[in-house]
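Participant: Protein chains in written order, with this note's numbering: chain A, 37 to 446; chain B, 1197 to 1522.
The hints are simulated quantities; they were obtained by calculation from the structure and are not laboratory data. C-beta: ideal position from N, C-alpha, C; glycine also. Mixed in with the good hints, there may be bad ones.
Distance windows between CB atoms, simulated [to be verified]:
hint : chain 1 : residue 1 : chain 2 : residue 2 : range
1    : B       : 1294      : A       : 54        : 18 to 24 Å
2    : A       : 66        : B       : 1341      : 22 to 28 Å
3    : B       : 1341      : A       : 281       : 31 to 37 Å
4    : A       : 75        : B       : 1341      : 35 to 41 Å
5    : B       : 1341      : A       : 367       : 43 to 49 Å
6    : B       : 1272      : A       : 357       : 26 to 32 Å
7    : A       : 119       : B       : 1341      : 57 to 63 Å
Result set (DSS-like, lysine-lysine): computed pairs, CA atoms no more than 27 Å apart in a straight line [stated by the list, open to error]:
hint : chain 1 : residue 1 : chain 2 : residue 2
8    : A       : 246       : B       : 1344
9    : B       : 1344      : B       : 1302
10   : A       : 422       : A       : 243
11   : A       : 422       : B       : 1421
12   : B       : 1421      : A       : 38
13   : B       : 1302      : A       : 246
14   : B       : 1319      : B       : 1302
15   : B       : 1480      : A       : 243
16   : B       : 1480      : A       : 246
17   : A       : 246       : B       : 1229
18   : B       : 1421      : B       : 1480
19   : B       : 1319      : A       : 246
20   : A       : 243       : B       : 1229
21   : B       : 1347      : A       : 243
22   : B       : 1229      : A       : 422
23   : A       : 38        : B       : 1319
24   : A       : 422       : A       : 246
25   : A       : 38        : A       : 422
26   : B       : 1421      : B       : 1229
27   : B       : 1347      : B       : 1302
28   : A       : 246       : B       : 1341
29   : B       : 1302      : A       : 243
30   : B       : 1319      : B       : 1344
31   : B       : 1319      : B       : 1341
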Amino acid sequence: MKRFLRQAAVIARRDFLATVLTPAFLMFLLAPLFMLVFATVGGMGARSIADSGDDAQRMVAIADADYAARIEAADTRLRPLFPAQIGPPALELRSSQADQDVQARALFEDESIDVSAVLYDPPESPRILYSPEAASSADYLAVLAEQAARAARLDSEPLVTTQREAIERTGSTIGGRQATGFTALFVLFLLTLLLAGQTVSMLAEEKGNKVIEILAAAVPLEAVFVGKLFGLFGVALLFVGFWGGLAGGGVALLPPNDAAFSTLDPAIGFGPFILLAIVYFAMGYLLLGAVFLGVGAQASSMREIQMLSLPITFFQMAMFGLASAAAASPGSTLASIAELFPFSSPFAMAAKGASDPRLWPHLAAIAWQILWVSITVAIAARAFRKGVLKSGPSVLERIGSAFRFGRAAD
Amino acid sequence: MVGILTTPPLKPVTMASAPALSATGLVKNFGDKRAVDGVDIFVPTGSIYGVLGPNGAGKTTTLRMLLGIIDPDSGTRELLGSNRPRSVGDNVGYLPEERGLYPGMKAKDAIAFMGALRGLDWKTGRARGEELLEQNGLGDAASDKIRKLSKGMAQLVQLLGSIVHRPDLIVLDEPFSGLDPVNQGRLEELILAERERGATVLFSTHVMAHAERMCDRLAIIVGGKRRYEGSVDEARAMLPMQAHYAPREDGEAVAALLPRDAVRDEDGYRFDVPDGGMEALLAKLLDRGHGIAALSLERPSLHDVFVSVVGEDAVARMEAGAEDEE
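Chain B on its own, in the form it takes in the complex (with noise of 0.2 Å):
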């Protein structure tokens, strides 16, 4: 049976919210390399925060510091009003980028078994794990080995097991890669499903999508160092409206009239609406008789935001890596 959830609405997360999670500073190096560099961040308690970056960023190590699992080599970092992250890691669910679970166990019984390392007593854990595979359409394998069932599957069953002790704090690393659209979908309605319960979702991923659906709000990090924080509108806003303009008279002369950075497509021109706004260039436009045929204003994407801080290389080779795996 697949369960339905509905998608709660987004509540509005404000950074006078106290901090689920902050860290200042935040510097690890491996060997010669810096793989984080000074990283900031602050969750607000009950928000959905997004960490997006390019592969070899230093996502990971970023969130592996933050839950405690490695020590920085400077920074501090406060987790759920703890300066130490272990002593409150029964208030945390975990999904680590590496998936890993053991393939002789059940599935309701590995559910219960993470529920288990966090202070969920068994019985209580088995019960709750067999109910949230009803509810997520694995109801039939609850009693089937981790081996017998699908990647995706058995990537669904390790995030219901981060989840199943009901955590304060959800920290997912690259939850949906691997998963088909359908288990996306589903992911998606579960993260929003504990925000809505009270719970705090910080995650990691480079799929913009799902980060401009759901985050309330996100950091970039590029190379080590946050190139980005704050909500998704205002990373929009940190980028011109663009414009497209199609003529209804075409020629040299309209290429002319519009600002520099205006590129050429198929039936139009597509540029970053002036600073002044559209009117002046439309008057001059109509003046001249080569009339509106069609025109849009769009507000740049978060795909466009991080591409202009990240650069168009590393999101080409980003998008590459992301078709290799699936």
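Bound-form chain A, shown alone (with noise of 0.2 Å):
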């Protein structure tokens, strides 16, 4: 076991230090600035026309004094209800014509203005015109004409003054424990679909000049297998270390606030739940790794390695699938079968953590992952060596040779 993984070290050492100290990982590890950059740059965007739009948006009361000044105190009162970004358009106040049917309608008309609704007539009995797609605009001048109408009776004075006192909460809640669990799930994931996948092209390297050959004499294909398994994950730990420790102090140096993080408290306690979840990145990275490995490693060109990232994208995007459906339903048959199944378990094991406080289903998900990565690495190594090494019938051949027996016999 000691000359197997010194064997595998040495691989894992040659990978890692041939990725990292070449100017593509600075590139690799740079990339989701980049991402961050254009995501911001287009959000900016978008955003900005977005809200020229919104800007652009009226609603307006016909009204004489009186009526408008209620109508305004009504409005003044209700906005602040609304989060900024969701809130009605802004309203316009305007003096009423003699025919205040026609001046509503021609309103619409007007391209000086983009007009959503209208309100107009007498308080005792308002209409309200509204463009088909803006009903929420009519929805809201007809609970200001409600409010000012009974602003009007009660001669503007309030019903009940109201005392009120913030609380802040200190247990966790069960969405945010739910949330916590997805989020941990995502990210998992997203890092694995990020990294994992990288593993498909990596003996394609050795396949193209001739390395192979060099590696199979001398160490066993587990060690090579299990070696480029590990040199990989080095510099995935090194990419998730990069980045949490920016994101760490990022989050270190916002202003304190408990209240928020207390609702996403984890059932198991925020420690064991942060570590779980660099154990179970790790555990997801080396299955999903082991299989991309295992495939790419049969394929005899890259044009075969680039078709298949399309199922390994499809797979990897079901055992998200799997775990996330685990995730919204924890404790169900849906979230046991994620839970068991290996190459899903680690996702839904890590949303496990948010909402099951106990600590040793996760030392026997461990177990069983660690068990599925040797099978799987096992199998890729096996799996290799008959299809690429020619050492006695591939499976295919195997399957070929007894449809072949079968035809002779018939």
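With the hints in hand, could you dock these two chains into one complex?
Facilitator: Written out as structure tokens, the structure reads:
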């Protein structure tokens, strides 16, 4: 075992250094930064376009001075109830002309103003015109009219004065725990999607430059596979450590907000949850990476490897979907399946840490996942030996032979 | 700086030596094709052993089975006393037929990497790598990346990588292929030096001259079967001595006196020395007054033996292939 680990470490060291000590790695490391920059620029552009559209929209109330004052007062009271981004369009007050109906309808033809809804006619029998896509503006104007009418009847005096007191919640919520679980699951999925998929082309270099013969002669193929997995895992850890460190530093710089974190408190505790997330990231990476490495090792050209990337992405999406379903319904049969199925287990178990305080299921799951990493690597190495090194018939050849034998027997 | 290695005298190797490597009845099929068909090999410890054969004869497949890279379909093998070849991998050095190095690695790192795969620590590997490169005229290239080296230099680096951990058994698959004469000479010296160190060397080749000069024993493989196994001398003894005779007085009568297999060449005749020796034939030729302008007796070369075993067509194809390679 010691010799095996030493051999795997030699391969891992070579792969790690060969990856990290290149200019391309800097691009890889900073790729999320480019993504953030592009997303920010794109988002700002989109926001700007949306805002300019929103800013141009108006609700109009046609009213005499007294009625307009009550509507404005109601708007001043109600508007703060809406979050800034989804508040109703700005309210514009206009004095009434001879025929309010004609005046109101004319506003929808006016190109100098983007009217979503118009309130007019006397306060006792108000009417609202609105464009079909702005029904919410009509609803809001109706509420303003109602509030203005009540204010007129009660002479603007509030019915009650309410005493308010803010209470900070100290315990986690069910929704918060589920959100924590899903966040962990999503982050792990995203990281494995970005990083584990790279293993598919890892043996292409050795097959291309014929080094595979040297490796296969010197060390067991299982050690080659394990070494390659851990070599790239080291790269992945560097990547995650770099961005995790930056994110952690960013969070530390924010003003303390215990209330925000208390609702997200995972059932197993924050420290163990982070530790488990790291372990499950490792297991998820190694499990999926081993599958992709094994599949990619069978490919004989870069074109074949590129063709494999689609089914590989589908496989990852399927595991994400299964684990997401498990996170949405903890304790269900589906959740148990996702926790037991080796390739979705790391994601589902990470989510479970948010809602289940017990530690032993995680220890059992980690042991189970390590077993499956070993099984997957062994199968991948065996398939490589049979399929690529031609040491004995491959699985496909065995099936073909059996088929031919069957036909011959006929 | 070019290092000079003296060629050590060949040490006598006998079959009584414990085998560094042995195999019995190795068989390997690839689909419907039988690549190796019941090959037996016995490589005495401390010997230089050659595996000869035309292209596609099954040499590489045999070597790969012996090393445990692939498993035979049937047959047994024992490497350095173990029937699990991979378990003694740290004591084996291997130069595959298809050369391969990471192009981004420095020459000394490539050597150290190959040593590390076989259990040598990196620091020692690098130090020995630099030393070996210096000894073999590549000292200036120690820190050059492999992609900057010529094909022959890269091949030499790979060879040095296969011996850096000072293995007990060195297996070289077509090691002379692709090397210029200078580097071929260096490689011969290197192989002899390794044998002198105590290593057993097994190499495959289709160039008879190397095998003839270096091998203590050899096997000839044709069509996946072993056709010959023994020493070079024993191989050469398989064919009768060759005589070259030029008469003073030539004529049709001379040909009638010579053995039936005599072939006319530029200035005389070439034929196998008769079983009874040359004395009676020479006496007859002298009696008839044909005289002797020139007479030489030559032992057959390994190439002759190879041709007789493999067949002239296969040799012609092989030599044409070798020319294309150059």
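Participant: Starting from the hint list further up, note which numbers the structure goes against and sort them upward.
Facilitator: Per hint list: 5, 6, 12, 15, 16, 18 violated.
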